[in-house]
Amino acid sequence: MASHREAPAISKDPVADNTDTYAFRTPGNTVTLIACYLPVEAPPGGPNFYEFGDEVLYQIHIDNDGDGKPNVSYQFRFTTTNTNPNTFLYNTGPIGSLTDPAWNRRQTYTLKRVVHGPGSSTTTTTLGSGLATPPANIGPRSTPAYESLAAAAVHTLGSTKVFAGQRADAFFVDLGSVFDLGTLRPFQDLHLISVSGLDNDGIDALASANVQALALQVPISALTNGGSVPTDVFAANATIGVWATASRQRVLTIRDGVRTPVGPWEQVSRLGNPLVNEVLIPLARKDEWNADKPEGDSDYAQYVAQPELAGLLPVLYPGVFPNLAGLTATRADLLAILLTGIPAGIIDGFQNFTGTTQADMLRLNVAVPIATGTPNRLGILGGDLAGFPNGRRLEDDVTTIELRAVAGATYPLVDPDFEADGAAGLIEDGTFGNPGRVFLSDFPYIGTPYSGYSVGT
Amino acid sequence: MALSRRRFLLNSAAALAAAGAATLGGRSFPGSHSDDADGLAEIEALGLPVVLSVTDADRGELEVLYGETAIRFTDRALVRRLALATQGNAHGIAS
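Taken in sequence, the protein lines are chains A and B. No gaps in the numbering here: position 77 of the first sequence is 77 in our numbering, and each next residue is one more. No gaps in the numbering here: position 76 of the second sequence is 76 in our numbering, and each next residue is one more.
No lab work stands behind these hints, which were simulated from the structure alone. Please note that a few of the clues may not be correct.
[To be verified] Here are a few chain B residues that face chain A, going by a calculated C-beta distance under 7 Å:
id, residue
1, Ala45
2, Leu46
3, Gly47
4, Glu68
5, Ile71
[What the hints assert, rightly or not] Ranges of calculated distance between the beta carbons of each label pair, as one might list FRET restraints:
id, chain 1, residue 1, chain 2, residue 2, range
6, A, Asp67, B, Ala45, 50 to 56 Å
7, B, Thr86, A, Glu288, 28 to 34 Å
8, B, Thr74, A, Leu312, 45 to 51 Å
9, B, Leu46, A, Thr87, 31 to 37 Å
10, B, Thr74, A, Gly176, 18 to 24 Å
Note that this is a predicted model, so its numbers are computed, not measured. Glycine included, C-beta positions come from ideal geometry on N, C-alpha and C.
Let the hints inform the model, and build the full structure from the sequences given.
Listed below in structure tokens is the structure:
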């Protein structure tokens, strides 16, 4: 639920629904950016397998001067074709390559890089066109060598690598219990509403769900202000802001079965930090939030400064969060984590502060080296400076991190006199230990999608 | 007389072009001259659909959308004609 169906309008428009955004250091002085769309994609997707929207403008944005506006944007536009107009089948035989004549319905894309200049000036470069996506992972007869098909869809465009296609959802959460009045299964015996006979083991609702992923691997120098590769964590240009969006044209005409979008692009979805629109923004403003730009997020700061969820936890779990219940001050810790970045002096050896403009963006300090050994899934909360909220890696358990932060675990960073409740350092939704995600050791890192043949709905 | 939606749209856009009320910040709207036939040709050259939207009837503000573009302009007379046309829907504009 990093941002899966998180707002009323976008929940009815899956192909434009941002689910997760990731930004992390990768070898060779590069950054990998991943934006996922189309939530809770069931693997058996036939006869019309999941694909990107041809009518959607997908973008990944980078802010490198801290004003909440993009300095660089990568744009993806897709085109779908049917090579065989006479069959009802997605494929008429095993798909052995991205050009296999047995593969009927294919999707290609154009990738553009936009550099935003002064005022509204932009410089746009087409990095590639007609780029192939892999087919859906159907099963052993249709896509017998799926991983090689996906690997063939990694394109190298100068110093940039790009991939667009179906992948396994890296996010994990007990969606069913969390939105059942904030039930955290491991602690449900403490819940305000007592229900007997329920299992305390978390259920990962996305355990076999796929997504549509856009992945880019870009030199750090292509993203930073000034084009350098910062090595000093405290350098002014060491931190970049990252978020992804989806836009549709203002009007859609449908005539005799032909759809034609018309007009300027209107943003319908965005995602920087996980779970912001999901659990911090009121339901009545979620659609508005999706249409707004990060530069204007001071308009939503109140929901971060005094999160409703922080007020609910002591009510839903009576007696478990007494210190949180008494915490009425503005949550400066959450404002820093989510809207400005953490300034120097709060965490030893770290900062990802981009300035006073409040904007919901992932903030990646590119001078922080890649973690050695096994990454700590609690990120900075677990002492791993390479993890969330320093950007976001695929393995970061953002649900647990943000639950604990909201519960007060991070408030002592700004007020050392505050003692977080013991429970704040323990709560999780029960999926902490069982994600079962398998990532790749190389780009695009996000794992092979679940096969439709092997996984039921 | 029944009026197809296609013809209604084209006529409105042509009337707009003929009215010459077609500048926004110095930008000329395509077909902004008085010849109806040329105005229609320019509209058709854009490729359908061209969508006309009344954004503020009281102020006479409209917006024409085509491709990835939107052009705003003011034309109270056109807004009045469009309003009359919508009332005429009850009297035979074909769907």
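Here's how the hints hold up against the structure:
1. A hinted interface residue such as Ala45(B) counts as satisfied when its beta carbon comes closer than 7 Å to some beta carbon of chain A; here the least separation is about 16 Å, so the hint is violated.
2. Contact between Leu46(B) and chain A, as hinted, is not supported at the beta carbon level, the nearest pair being about 10 Å apart and thus beyond 7 Å.
3. Because the closest C-beta pair between Gly47(B) and chain A is about 9 Å apart, greater than 7 Å, the hint is violated.
4. Restraint check, Glu68(B) versus chain A: the minimum CB separation of about 6 Å is within 7 Å; hint holds.
5. Evaluation of the Ile71(B) hint against chain A yields a violated restraint, the C-beta minimum of about 10 Å exceeding 7 Å.
6. One distance hint, 50 to 56 Å for the beta-carbon pair Asp67(A) and Ala45(B), is violated here, with the actual separation near 40 Å.
7. The hint said 28 to 34 Å for the Cβ distance between Thr86(B) and Glu288(A), and at roughly 29 Å that hint holds.
8. Between Thr74(B) and Leu312(A), the C-beta spacing of about 50 Å keeps the proposed range 45 to 51 Å intact.
9. Between Leu46(B) and Thr87(A) the beta carbon distance is about 36 Å. The supplied range of 31 to 37 Å therefore holds.
10. Judged by the Cβ atoms, the range 18 to 24 Å given for Thr74(B) and Gly176(A) is violated: they are separated by roughly 53 Å.
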